[in-house]
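Asks: Sequence:
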Amino acid sequence: MSIKLGLTGSIGMGKSTTAGFFRDYKVPVWDADAEVKKLYAHAGAAVLPIGELVPDAINEGFVNREVLKAEIAKDEALLTRIEAVLRPLLAASRQQFHTQHKQTPLMVFDIPLLFETDAESWMDYVLVVTAPEEVQRDRVMKRGSMSEALLNTILARQMPDTEKRALADFIFDTSQGMDHTKAEVKALIEALEQEDA
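Residues 1 to 197 in the working numbering are what the sequence shown spells out, letter by letter.
To be clear, the hints were calculated from the coordinates, so they are not data collected in a lab.
Mimicking DSSO-like on lysine-lysine, the simulated pairs with C-alpha atoms at most 27 Å apart in a straight line are:
#1 38 / 4
#2 182 / 4
#3 102 / 38
#4 26 / 4
#5 186 / 102
#6 102 / 26
#7 26 / 182
#8 26 / 186
#9 38 / 74
Start from the sequences, fold in the hints, and give me the full structure.
Replies: Take a look at the structure:
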């Protein structure tokens, strides 16, 4: 039996870096954000339905994420409609990944909206990555691709960090440094694989 570990945390908390550490240790990782990029790519499954919601966001057969972000900033309700398009497509992709990797002792599902979409009910365990709010905001703003207004819109849609931590089986504070987080990942893999043995 393969253990399904849900990995989540609010924007800027270190999910992608933490997921990368699992990959470094050869644990298969399904990445919701990467799957969305595939769905938005040329001829991706989300292009036509997103085009019906935001025609200006379609550019040469793919979804222009910058246009989409700008439209969401103007109309917060649009995000709910976009999520309704993406949710079943992502669920199908996640199931396919699970089937493909079910012989491995552990697989990770990197899902930013894990609790908000009830995906945690599908997991055996949940790992929440966290960091102090000032570290979170600094990380996000350093990316240079997001305005303060859009960050606030995204944070308003996400479950507060304190609530996520209360629901977690495991919590990693990524502000303690990457070496510390990588060591925590290694220890968790060893503990979960031991449990599966």
